[in-house]
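Since the structure of chain A is provided, determine the placement of chain B on it from the hints.
2 protein chains.
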Amino acid sequence: MSGNTLRGIFVPTLTPVDDNLAIDVPRWAELSLHLLETGAHGLCPFGTTSEANSFSVEEREDALVQLIEGGIDPAVLMPGTGCCALSDSVRLTAHAVKQGCGGVLFLPPFYYKGVSDEGLYRSVAETIDRVGDDRLRMYLYHIPPQAVIGWSLDLIERLITDFPETVVGIKDSSGDWDNQNGLLTRFPGFGIFTGSELFLRKNLQGGGAGSINAVANLISPFERKLFDNWQSPEADEWQAQINQLRPTYTGMAPIPAIKQLMAHYHNDPAWLRLRPPLVPLSESDAATLLFKVKPLTVMANASW
Amino acid sequence: MSGNTLRGIFVPTLTPVDDNLAIDVPRWAELSLHLLETGAHGLCPFGTTSEANSFSVEEREDALVQLIEGGIDPAVLMPGTGCCALSDSVRLTAHAVKQGCGGVLFLPPFYYKGVSDEGLYRSVAETIDRVGDDRLRMYLYHIPPQAVIGWSLDLIERLITDFPETVVGIKDSSGDWDNQNGLLTRFPGFGIFTGSELFLRKNLQGGGAGSINAVANLISPFERKLFDNWQSPEADEWQAQINQLRPTYTGMAPIPAIKQLMAHYHNDPAWLRLRPPLVPLSESDAATLLFKVKPLTVMANASW
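Just so you know, the sequences run in chain order A and B.
Residues 926 to 1229 in my numbering are what the first sequence spells out, letter by letter.
Residues 926 to 1229 in my numbering are what the second sequence spells out, letter by letter.
Only chain A is shown next, with the shape it has when bound in the complex:
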């Protein structure tokens, strides 16, 4: 592997939708610029938090083009491009590379369960072959809580061995520290992003590349401070403050909860909209969330 991967706090940006449930590109671009101006190193449009799979390939391509035309440097973008259909994955991946994106976040084809490592290997190999562009930098997206299937350590090793310049990193959203620690131990130099804000400091201590986590939509400046100063004596306290956020929405649907907080802090109810199958929080959940989040220091350090 090249050892030359993206690093930092990458935000899996929320996707605002208009009242027809289409992507609200101006509001999306505004958030994206805001996040980059206030500390994020980069963005992962069309991750899980972004409701990526609730939008068509065309909707994703069109929005990405408009985002870049709106002034975002594509070098700091790592859009999600892995789909169930090989043809869709190839199309979105090729499109992202052509736009100059610094990387792509690659979900395994997630419809069939119990698929073999050989089948997942072929999905990646066919995609790389068909895209046929040396500029492609692929970050595997490991998220068993949603995809159910995932990238095993043996499969990752095979992919790194066969595509050392292309398969350069992973986002681990397993929520399982043992898995992430296994990655850090076995693949030093691989671009290992934690998908959990809870593991931000530990991942950096272990040599990881950074984090791609949902709450970075709200607190990326604070996460950036921890990223830049993870060896500081205060870093443990900062991590503890970050960790206070998760329990405010435990038992609630996380993406609606984060959109609720976005609507609240940006004073913009347009953020409350979601595409089915996701739906906004109930009024009572929303009230509970806002009550619990109010006293948190970490929220006071965010940048709205």
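Incorrect hints may have been included.
[What the hints assert, rightly or not] Computed footprint of chain A on chain B; a stretch qualifies when at least three of its residues, placed anywhere within it, have a C-beta under 8 Å from a C-beta of chain A:
1. 959-967
2. 1047-1057
3. 1117-1128
[Claimed, not checked] Chain A is nowhere near these chain B residues, computed Cβ spacing over 12 Å in every case:
4. Gln-1024
5. Gly-1131
6. Pro-1205
[Unchecked claim] Below, in silico cross-link-like pairs of lysine-lysine (DSSO-like), each with a Cα-Cα straight-line distance of 30 Å or less:
7. B:Lys-1217 / A:Lys-1038
8. A:Lys-1038 / B:Lys-1219
9. A:Lys-1127 / B:Lys-1038
10. B:Lys-1038 / A:Lys-1219
11. A:Lys-1127 / A:Lys-1219
12. A:Lys-1038 / B:Lys-1127
13. A:Lys-1038 / B:Lys-1038
14. A:Lys-1217 / B:Lys-1038
Keep in mind that the hints were calculated from the coordinates and are not lab data.
Where is the CB? At the ideal position from N, CA and C, for every residue including glycine.
Only chain B this time, still in chain A's reference frame:
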């Protein structure tokens, strides 16, 4: 609900691919015509067995148009049209209706797990509203082994109540007789297709509409005989013969196994190809399968 639903043996047709992994439409059309000529009442192109989600929306639309142009009556077609993205589901569903398809088989949006009934309700309601065509006949596709999420009995009742002329049936691929029996008991007159060949007779005894099962690709003439004569004294024996097929590929990936048998009986190795993430059986699994299947009466009654 209308009570006027499709009935019979519907085959979730295998999708052959060429050596570039594109849909091999001539071979697909040939199989489709063959199945209808030898007893199948209808076809469900782009179900799970068809590797539907491994193909793009455009690939699915183009192939469906060519199938109909090739001489298949669209009234006997129930293509799969439910996708993760609302926009894709709307597009494929509207396309199928415009082509004159007798129904559509509707997967829930399957990326997010733990979604609410309200979110799934809105997915269906938005699709029906946006398609905006009274000719739409929707069959819910319940397949928790792959989709993980599914259609609860309470949600089905709400959908039938609100869309009585549109939501007219279900394919139950839970593999759980209790669930299917619950459907038969609670929703008499609803078009209930079993997704398992093992429940074919019991489903008919309970008032179900028929079956959509993978092995019908191989033995639909035999299943048709059972469908037409399920009250016959011999029907128990026929069901027992059908049931012998499943254990021949237990522990193997089912779709590759059925493609292996298709290649064998049609003497056509082109059927062995699959799109990643699915891969052909190992040589040893293939040999085991062909050895076990050889003595089965039910295979001798198939039509090649």
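**Message:** Tell me the numbers of any earlier hints that the structure contravenes, in ascending order.
**Reply:** 1, 3, 6
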